[in-house]
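**Student:** Now for the letters of each chain:
There are 2 protein chains.
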Amino acid sequence: MKHFSDQNSLDRIIFNFSHYSKEITQILNENFNKETVELIVDKKIWGGKGSALITMSCLGIDVPPGFIVNTSLCSYYNSYNSIPSEVENKIKHAIQSLEDTLSLVFGSIDNPLLISVRSGAPISMPGMMDTILNIGLNDEIVEGLSKKYNNPRFAYDSYRRLLHMFGTTVMQIESNLFDLPFDYLKISEGVTSDHHVSVDGLKKLINTYKNIILEQSKEDFPQNVYDQLFRAIKAVLDSWQSKRAIKYREIYNISEDLGTAVTVQAMVFGNLSEKSCTGVIFSRNPSNGDNEIFGEFLLNAQGEDIVSGIKNSLPISIKMEKSWQIINNEDLSISIPESMERLMPDVFVKLKNISKKLEYFYGDMQDIEFTVENGRLWILQSRSGKRSSLASLKIANDMVEEKIINKKQALKIIPIQTFEQLLHCGLDYSFIKIPPLTCGLPASPGAAVGMVATNVKDAELMAKMGKVILVRNETSPEDMSGIAVADGIITARGGMTSHAAVVARGMGKSCICSVSGLFVDGKNIHINGEKFPSGTYLSMDSTKGEIYLGQIPIIASNIPYEFEMINSWINEYKKIDIHANAETIGDIESAFSLGATAIGLCRTEHMFFSPERIFYMRKMILSKDHSDRVFNLDILEKYQQHDFEKIFEISKGKAVTIRLLDPPLHEFLPHDDKEIKEFCIQSNSIESDVKLSLAIKKEHNPMLGHRGCRLAITYPEIYIMQVRAILCAISKLVSERKVSEYELYPEIMIPLVSNVNELAICKKLVQDTFDDFCESLNDNDLKNSLSKISYKFGAMIELPCAALQADRIAEICDFISFGTNDLTQTTLGLSRDDSANFIATYVNKKIWNNDPFVTIEQSTVGELLKIAINKARSSNPKIKIGICGEHAGNPESIPFINSLQIDYISCSPYRIPLARLISSQV
Amino acid sequence: MKHFSDQNSLDRIIFNFSHYSKEITQILNENFNKETVELIVDKKIWGGKGSALITMSCLGIDVPPGFIVNTSLCSYYNSYNSIPSEVENKIKHAIQSLEDTLSLVFGSIDNPLLISVRSGAPISMPGMMDTILNIGLNDEIVEGLSKKYNNPRFAYDSYRRLLHMFGTTVMQIESNLFDLPFDYLKISEGVTSDHHVSVDGLKKLINTYKNIILEQSKEDFPQNVYDQLFRAIKAVLDSWQSKRAIKYREIYNISEDLGTAVTVQAMVFGNLSEKSCTGVIFSRNPSNGDNEIFGEFLLNAQGEDIVSGIKNSLPISIKMEKSWQIINNEDLSISIPESMERLMPDVFVKLKNISKKLEYFYGDMQDIEFTVENGRLWILQSRSGKRSSLASLKIANDMVEEKIINKKQALKIIPIQTFEQLLHCGLDYSFIKIPPLTCGLPASPGAAVGMVATNVKDAELMAKMGKVILVRNETSPEDMSGIAVADGIITARGGMTSHAAVVARGMGKSCICSVSGLFVDGKNIHINGEKFPSGTYLSMDSTKGEIYLGQIPIIASNIPYEFEMINSWINEYKKIDIHANAETIGDIESAFSLGATAIGLCRTEHMFFSPERIFYMRKMILSKDHSDRVFNLDILEKYQQHDFEKIFEISKGKAVTIRLLDPPLHEFLPHDDKEIKEFCIQSNSIESDVKLSLAIKKEHNPMLGHRGCRLAITYPEIYIMQVRAILCAISKLVSERKVSEYELYPEIMIPLVSNVNELAICKKLVQDTFDDFCESLNDNDLKNSLSKISYKFGAMIELPCAALQADRIAEICDFISFGTNDLTQTTLGLSRDDSANFIATYVNKKIWNNDPFVTIEQSTVGELLKIAINKARSSNPKIKIGICGEHAGNPESIPFINSLQIDYISCSPYRIPLARLISSQV
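So the sequence lines, in the order shown, correspond to chains A and B. Mapping to full-length UniProt numbering: the first sequence position 602 is 602, numbers consecutive. Mapping to full-length UniProt numbering: the second sequence position 790 is 790, numbers consecutive.
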């Protein structure tokens, strides 16, 4: 008995949240307040809904009495597919206790207790899990209920609902088998509203439903109410493993281990009369954030009706009446719909007060479900409400002004994706009715819609007819003109630093890389085996990394005035410096404007991809000897100097960490026959010679090959060129008085360091180049200025061996920076470019909780980070430590990263607001 | 002052080893004996030669008095290129002390002290370092010396020698400039022997030599004797950094940090008269191990004459006289050469006694240099003698029988390469006069000589004309017929487990892989930029991994009867089990015959490379769906079952660890258009479809891709097939009563495990397959037998993440095995296949001490091993831990591996004797 091995956990499996139950009394005695609520009412145990019911009971808010069976039952049920008899007994006792509280009897004909069975996961999964209402009715009890309330329509309507829900949810019968006869009945009776159907009609419908059940499931609808109860509970537990729930958890990265709690609650009836209703409200306007109650309700209906959206709802407030007509596209000539505020003013005031009470208690805008039974208000659920990005900022700001929460708390209620959504356009999700075709890495945020083009020529042609999305297996510099005309770029391979990703971010275009299941073959693209021809319309949300079939409208970005305010709060609370990974003028400028305090990673290799530069780069790599190589490096030095001049000028007063050349050299080389031919013509080389050189330079596993500072060990002249370019740039800026020597903070970072011996050689190379350069200067003033610049020297720790020897490495460094992408690749032995196809399976099978390239794998990569940081600090307490890599901007990784107490993180400019926000939330 | 910062080390920089010097007296007081000698006389400080001189002084053996300057001077000199003045003064004082001991004066005309300056590294580097004799002579002193000994021939001969050695060694003048005039002199005087040249001739020669020196070096030969001394010392120190010494250290993996000591010693003169001589002896016969003194000497000569081999030497003993004639191809009609035993019987007896004394003291056969000056014997050097593999076994065996050493000590004096040399043929190194062209991984031991063929067709054609060596960038199954006709295989790429390596080992052919600087292009091969056409003769020593230009004779292998004896001693002393990596019948049989106690790594992937199997393997990989895949797997299962039957049958009673499929699947796929076409015809597939599938399956970094147990996570049916094949094989053997259930010890090993979740899925898969299989059996007897087989389940730890989580992994394992090859690749971020080109640079620049794929990188990979072993033992104290990978058989790594206290290592069959020997030496 997995979870019930000790009596203790079995004793605590049920929580009775009826007012004055012993459990509630105990909580109230334990000093229940805003601060302690999360500790006492643990969502992981009692689920979101259950926790809210407990909390509301404690606050004296009327909730229908009932009890919760905690999530451990779900874990047990998942393993053994049964409910242990001890738990069954406990549930039966809890039902008895509920009978006592309400003076009703479950299964009684005269005085029946009806109950609902609902799911309630620790993390909300709206619409994914099952609910069954009106349990406790059968052929006899429905008569009793009818008599008791003297309301046969209500009784038979409730029974109809039970048969329908039980039939679909418990017995897995298709829903439309129940819908059709009901629609037919309404037509035959000439009514449109469910609650205008005649009692006789309902009785006939009930017979039809019972026949459908017998026919479809080969068994009668169970007349025993306890059978109904336990089958309903099992159905709720089963729904945790339903396909849609699994899919939802996959998409939203929710652990299967959490499980769902089960809430069993006395029914309150929104369908009892015209003085009854059911509805949902938000404590503030979730679209614009206005501080006013917002919502809708349905007269004479049960909760399911509003959730399923199959009835016409009414607005909650008088203020909403007018706009309601417009929103619902109703005929304006017809009378304005009456609001609850108008129809049930007392209930409305009560509801408003409760919504404020809950909002104040939770310190956040609330989404509240309620039912009114014959004029009495019952609250069924309360949780933090989903809101637009705009609203989230306004609400946070307003609630601080209203002194409901302080600034620090306000930062925590801003959803972390908010900033990203605000800064980029996005797809209008109200138009999305289908799941995404596939997903990939969100390489450059935004959204795009257009026709698929699979090559540059097609892209250019199609761009004259409309919007284009360029889809490639991977891009290279020759695809530039195709990228230029496309609105979005999708690639099957390549990571966040692939050519496509870097170029797209630089151009501000939408880009998704490493798309799972995608392959481009000629004029067709294949996604998970399905073929889509060139010209097919796709929509892409590259902030999320999702790709949809068809055309989905795009919503523009919109930065509200509260943005600045909130940004200033972040400065007060953030614990860690946020630097940017940037090397283009555009990226650097946006990085600083978005709040970066330095350039934490300036990748020098990206500077060599433009056509005239790559030619010399290729010549340099294919050089016959040292002097030939130096000749070509001299040309490249001029280009690089020019770039550095611009970079230092716009980064005036801020540190710029320049990472020397990192990728395997063959990344720069021509890839196909056409490119080779062009290169040979341009360089006047013999094709067979070039092909031989290329073949020799080919690597089986370039990620583990001749790259990073290994290049500098074999060809020191390459790094010497780069250091000289930095010094030339600085000299030029200083001598032209564009930037003073006091405003320059160059930092030189060595990539892919293996150990201290290797790094020491690189350090000497850098220092010697600096000394030689200064020595060679004729201008004494300049010499003097340069001597005042003390550059910092650092290493990237991105191999397990370097992490394990970080103490020795740190001894000769001013700073170290963890490249968590590469460190993940080597620690897990997992190539980012090749693992897209099976990582999803690994996450599904719970081998990893998350994609390790998105969220830091704490127990291994994280462990190495800790080891390395401790070692580095032990040998050099003053060392500056940072992380650069896509993990640095990953919301799930940031709490862990913060726990490391490092000095800075460096991420892509577009992730800076996000990273700043998260670093302030910890 | 790097090494002399404290007075203490400066005080101890010089050791005076003259009899009764205070240093020798102190050692004798410290209980100097066999056991403590290595502690007291540290070779790292005093060098090999110096330590021997000290030891011999202590043993009361006559050595020419002198002193040693320790290796720390060399370290200092390497950094600063000068000798600190304090050390200069100490050397001058030591010379004075030598003058006092001998009542001679350095630089005196009447009573001159002549000295030698010799190098002496901690590890012997024969012929690599410089020596200068007869220092202390000048134009005047030579006259004095002549008068003192009344022997002008001796005096001028000594001066001639000084001028020649000083000129070449200190002044870097080409040696043949000195040789030519001497040869001319001998011809003009009509003599053949150096010591028959006339005194006048010598005087003229001396003038010629002085002119040569002045002309070549623009300076006179220094007449100041202290100038001579210090310049000679510097020359000896410089020779540590000479090209040939650096090359030698590279080849023999000797650290540059060791440095050389400098020995300054009074000259004794083997060239003083016909009662003087110089020679070298071995205490036993180094060719066949016979217990008899063996060696040669030269009358009236100095040591250099015998070392340089430019004179005709005489045999040492009467027994050797007869064979001497034969060996030296002398005319048998001429009188038999007279031995020392005949010419100087007293000296011979003394020498024999000293050789026994030294052999007894060192517990090993000795190589001894001596000089006789006017009938008095002086010992110049004693060290362990190099011997043939055959001799090494006989000597070890005899010395145990003679009770000189015990078995444990005997095992330690067997050179570790001995066993490998004995079991395989080798190149005859007496014919090798040039350094190797290049080196690679010794993938399959032995030797081969033949013409280069670069493709199968050429190989087959050329094999009709003579021996062939097939040289390829890498091999694939289509090269099989080329490999079959070749004597040796050389590949530019691929590791110890590449196709070429595995096939060659299976066929017992010589193979060298991952050859540095090699590239095959059409009909030519390029080695380090130099082009060699097809047909070029190469010689390869694949036990060492060396490739030579030209044809070098091959020596056959020869296993002596002592082999069995010594093998039985190993069983008594080895600390760790030795298992074999083997899967072919041949390999398994040789593994057991060589002493493996189990099969530690049976690689199942090698079983799929034969033409008919690879076809189904390819079909399986390119299957459209699950059922298609299962169809092809069913066919492969039959093949695999058949293999396992044979493996279990010959491994009866021994454990067999079967590693389930490991390599990326695309390794099995067709590589070029021809193969693709063939596959399409055979499988009736459409070429474009196959090409598309191949393109989709292509990986950028296959080493970090979809391989190992990742295959089983996405395609469980593959591992299920393999486990079923094992069970079918077992069932067949048991039911046919070929092997009983009590003789079967299958162990199933999961490769490339990332964490415990992944392993748990694999474990369940194996157990479920086992249960299902047993369930499906109709035969109850068989069911009963199978239930008695408890297979073991284990994981390969070859990723840093697995090492870091070994505690959790160990919880569900019976054993773990470290794959140190892959662990090295990921820990260092270094692809074995791509790093050959720069690893040499890394070792040269001392970034790593050794090639990390040959010797375990202790500070990182070793650290992870330690972490993992501690973690694994902490959670599962009973777990069996092993290492399999080429490091397991690497002599340099074994002491470290032994320190880990693991249970077993598993290595290639041909390395088993070596591994056994080493494990017993620790």
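Be careful, since some hints might not be right.
Note: identical chains are not told apart, hence a pair may lie in one copy or across any two.
What the hints assert, rightly or not - 25 Å max Cα-Cα, derived DSS-like pairs, lysine-lysine:
#1 Lys764 with Lys243
#2 Lys846 with Lys319
#3 Lys357 with Lys218
#4 Lys691 with Lys674
#5 Lys43 with Lys654
Since the hints were made in silico from the structure, they are not lab data. Treat the numbers as computed from the prediction; the structure is a model and nothing was measured.
**Student:** Quick check: which numbered hints come out false for this structure?
**Tutor:** 2, 3 and 5
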